[in-house]
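K.L.:
Residue-level listing of the chains:
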Amino acid sequence: DIQMTQSPSTLSASVGDRVTITCRASQSVSSWLAWYQQKPGKAPKLLIYKASSLEGGVPSRFSGSGSGTEFTLTISSLQADDFATYYCQQYYSYSRTFGQGTKVEIK
Amino acid sequence: EVQLVESGGGLVQPGRSLRLSCTASGFTFGDYAMSWVRQAPGKGLEWVSFIRSKPYGETAEYAASVRGRFTISRDDSKSIAYLQMNSLKTEDTAVYYCSRDVKIYGDYKYYYYMDVWGKGTTVTVSS
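In order, the protein sequences belong to chains U and W.
First residue of the first sequence: 1, per the numbering used here; consecutive thereafter.
First residue of the second sequence: 1001, per the numbering used here; consecutive thereafter.
Rather than coming from a laboratory, the hints here were simulated on the basis of the structure.
Beta carbons are placed, not taken as given, at the ideal position from N, Cα and C, and that holds for glycine.
Misleading hints may appear alongside valid ones.
[Stated by the list, open to error] To be clear about the criterion: a stretch of chain W counts as covered by chain U if any three or more of its residues have a C-beta under 8 Å from a C-beta of chain U, and this derived list gives those stretches: (1) 1056-1068; (2) 1107-1119.
[Unchecked claim] Heads up, simulated DSS-like pairs for lysine-lysine below, C-alpha to C-alpha not over 27 Å straight-line: (3) K1089(W) with K50(U); (4) K50(U) with K1103(W); (5) K45(U) with K1078(W); (6) K1109(W) with K1043(W); (7) K45(U) with K1109(W); (8) K1089(W) with K1054(W); (9) K39(U) with K1119(W); (10) K50(U) with K107(U); (11) K1078(W) with K1043(W); (12) K39(U) with K50(U); (13) K103(U) with K50(U); (14) K1043(W) with K39(U); (15) K42(U) with K1109(W).
[To be verified] Some chain W residues well away from chain U (every beta-carbon gap over 10 Å; in silico): (16) R1016; (17) G1026; (18) Y1082; (19) S1087; (20) Y1097.
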């Protein structure tokens, strides 16, 4: 299986900060990568697909970039509603795998 | 409104079986592949299984951790996806989410990502 590794595991930030989360794949997944946001007790929500395509209804402060084995999720100006856990997920392989998650906490 | 509702979770003893259902509404169910993803208490997300739509043979894929024990199926006439779970283990304890898969073409094949998720149903495997 393709291993996905996110960094950092936890991130402390303030409202208004620019936040970047990194996701690395153990082999190339081309651009077949998605990012999800999950809040406690809730289902994941799709933010980004195909590495950089913004899902409809998702605020434009979220953006994704990268290809191959290295990807980033950027929140340009962190809002109170953005404190959550973020997961990357590759769908290059039918055996889809998630990163371990990055928890964005209030500083 | 696109909606997915999971049901069928509960407390079950190790070695027993359980069948989860995912009832869809607000879209043409038969046009989409469907997936199940689980999340153990305090842990991250783990993809479990995936079934393609009828035009693509309703073929299925499974995570290694459940292959041979779990079976995914679908009933397009009822807009329901199922996950039959046999020989359950304590490590199968999790919230199980179903999701809709969007198909996109690239690099000479189809790729699928999960765009809409249900709220989940809890499965607890314990004696």
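K.L.:
Next pair to validate is K42(U) with K1109(W); report whether the Cα-Cα distance is within 27 Å.
P.N.:
Answer violated: K42(U) to K1109(W) is near 32 Å, above 27 Å.
K.L.:
Using a Cβ cutoff of 8 Å, are there at least 3 residues of the region 1056-1068 of chain W near chain U, or does the coverage claim fail?
P.N.:
Our answer is that it holds, as 3 residues pass the Cβ test (under 8 Å) against chain U, meeting three.
K.L.:
Hey, is R1016(W) genuinely clear of chain U, shortest beta carbon separation above 10 Å?
P.N.:
holds (26 Å)
K.L.:
Measure nothing beyond the straight line between the CA atoms of K45(U) and K1078(W); if it is 27 Å or shorter, mark the hint as holding.
P.N.:
holds (25 Å)
K.L.:
Does the alpha-carbon distance linking K39(U) and K50(U) stay inside the 27 Å limit?
P.N.:
OK: K39(U) and K50(U) at ~22 Å, within 27 Å.
K.L.:
At 10 Å, judged by beta carbons, does Y1097(W) keep clear of chain U as stated?
P.N.:
Given a closest Cβ separation of 6 Å, the condition is violated.
K.L.:
Would the least Cβ to Cβ distance between Y1082(W) and chain U come out above 10 Å?
P.N.:
The claim holds: Y1082(W) sits with its nearest Cβ about 19 Å from chain U, beyond 10 Å.
K.L.:
When you check the alpha-carbon spacing of K39(U) and K1119(W), does it fall within 27 Å?
P.N.:
holds (12 Å)
K.L.:
According to the definition I'm using, a residue is off the interface if its beta carbon is farther than 10 Å from all beta carbons of the partner; does S1087(W) meet that for chain U?
P.N.:
holds (20 Å)
K.L.:
Given the hinted pair K50(U) and K107(U), is their alpha-carbon gap at most 27 Å?
P.N.:
The given pair, whose Cα atoms are some 31 Å apart, is violated under the 27 Å limit.
K.L.:
Please work out if K50(U) and K1103(W) have their alpha carbons no farther apart than 27 Å.
P.N.:
At roughly 11 Å apart (the allowed maximum being 27 Å), K1103(W) and K50(U) satisfy the hint.
K.L.:
Given the proposed pairing of K103(U) with K50(U), does the C-alpha separation stay at or below 27 Å?
P.N.:
Answer holds: K103(U) to K50(U) is near 22 Å, not above 27 Å.
Against the hints set out earlier in the document, violations occur for numbers 3, 6, 8, 10, 11, 15, 20.
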